[in-house]
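A.B. asks: One letter stands for each residue in the lines below.
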Amino acid sequence: MPQRINLRVNGEDREVEAPARRLLVDLLRYDLGLTGTKEGCSVGVCGACTVLVDGEMVASCITLAAAVDGSEITTIEGLAQDGRLHPVQQAFIDYGGFQCGICTPGQVMAAKALLDENAEPTEEEIRGWMMGNLCRCTGYYKILESVVAAMSPASSNGEGQGS
Amino acid sequence: MIDFEFHQASDLDHAFALLADYGDDARLMSGGTALVLQMKQRFSQPGHVIGLRRIPGLGSIEKTDAGAVRIGALCTQRQVENHPLVAQRLPLVAGAYRHVATPRIRNMATVGGGLAHGDPNQDPPPSLIALGASVVLSSAGGEERIVAAEDLFVDYFETDVRPGEIITGLVVPPAPEGSGAAYLKFLPRTADDYATVSVAVVVTPDEAGNCGDIRIVLGSVGLTPIRATAAEDALRGQPLNDETMRAAAATVQDAVDPLEDHRGSTEYKREMAEVFTRRAVRQAMTDTGMV
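Chains as they are written, first to last, in our numbering: chain A, 1 to 163; chain B, 1001 to 1291.
Keep in mind the hints are simulated off the structure, nothing from the lab. One or more of the hints may lead you astray.
[As the list claims (entries may be wrong)] Residues on chain B that point at chain A, a partial pick, calculated with CB under 8 Å:
1. 1001
2. 1006
3. 1029
4. 1032
5. 1036
6. 1037
7. 1038
8. 1051
9. 1053
10. 1103
11. 1108
12. 1155
13. 1159
14. 1161
15. 1232
16. 1236
A virtual CB, placed ideally from N, CA and C, is assigned to each residue, including glycine.
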């Protein structure tokens, strides 16, 4: 049964008509063309489809779009501001926090959600939080280094922004 | 996924009205982490899904007059795990919720949804049963029915929630004064997996330092969480030493009825149920501070 779904996506109001079974990941990718969000496992385990709904990290592959009608959604496309990458994105570039790249949008969104909530997590807290974002290239150490670096972007290695 | 109609309930009365309208053809959904997967796999094909997340008043965690903690059914599992009142009064429960899947799933999954799902592999139920928690079921007209967590799970993915009822709260008393508690989860595969075997123990020593009261509850080893009453009976009134703990834990093999799956064979899980019961009783005893 098609219904109107209103979302504020990356700061922009969007209205989509979609059946109730439309998943948030599909609405983002196919209805709105925001293909930065990836679908990996389709069962909420791998973290590739991570987006923020009203600031909270969720798995968009098991979220009904209709159930989050009226919410504010942040995807990987919404992180850069005025042509400048978000500090987490910059840190992933500076520290090589990706290999094939398919898990990267989810990793970045998860790291952003962590740092939004806890500006200075311990390494153990980062590991505990990021455990739900799988990297089949197993580039975990570089991802960890990237998140640590993103905590204090001013002290990043200088190839990126600012310092 | 077969298509359906989605209804966002604006409050409890609205949810009851929708339930009355659509009856058996409706499923309730809060976080959706369980139901959406079941619908994707077509295990569940409801014509109507009633969303509960926007219902006000079910998202708080408070101390009751009797000293227990009342957790609103729409609290996410991460809220429970991180709430100071839960950490302080129910460390066993905070730890059990922290074992569930990943932070992202715990951000979505709710306390009430988890209970209603009735999956015997879930982390929280053994601890909730060991502490004597109870579940609040509401129905139209403001009626409430209280069911012990121990009695909620009646069969494989089947609960005692009746047609027209919605789980609205969970009331958990703190462990008794002087008691010790433990929750062990045997996870041979990955950190976000369901347990191969899980065991929650709450033990209260008597004045002589022997086992006064004890509750031992296992998860992932049967169609529901299983209380190991023979092991409890074997320990009550006894000194807690290697010999008594071994003898009691051995009885658990007969209490469990594990399903074979990729986490292990029936025989293996049966043995691990004994091993982890022994370890959990020992850890709970250590937690009393008397050892």
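A.B. asks: Run every hint past the structure and note whether it holds.
C.D. replies: We went through each hint and held it up to the structure:
1. 1001: 4 Å, holds
2. 1006: 4 Å, holds
3. 1029: 7 Å, holds
4. 1032: 6 Å, holds
5. 1036: 4 Å, holds
6. 1037: 6 Å, holds
7. 1038: Hint on residue 1038/B: violated, closest Cβ of chain A at ~10 Å, above 8 Å.
8. 1051: Check passed: Cβ of residue 1051/B comes within 5 Å of chain A, closer than 8 Å.
9. 1053: This interface hint holds because 7 Å falls under the 8 Å limit.
10. 1103: 5 Å, holds
11. 1108: 5 Å, holds
12. 1155: 24 Å, violated
13. 1159: 21 Å, violated
14. 1161: Violated: closest Cβ of chain A sits about 21 Å from residue 1161/B, beyond 8 Å.
15. 1232: Since chain A brings no Cβ nearer than about 33 Å to residue 1232/B, farther than 8 Å, the hint is violated.
16. 1236: 37 Å, violated
In summary, the structure is inconsistent with hints 7, 12, 13, 14, 15 and 16 from the numbered list given earlier, while agreeing with the others.
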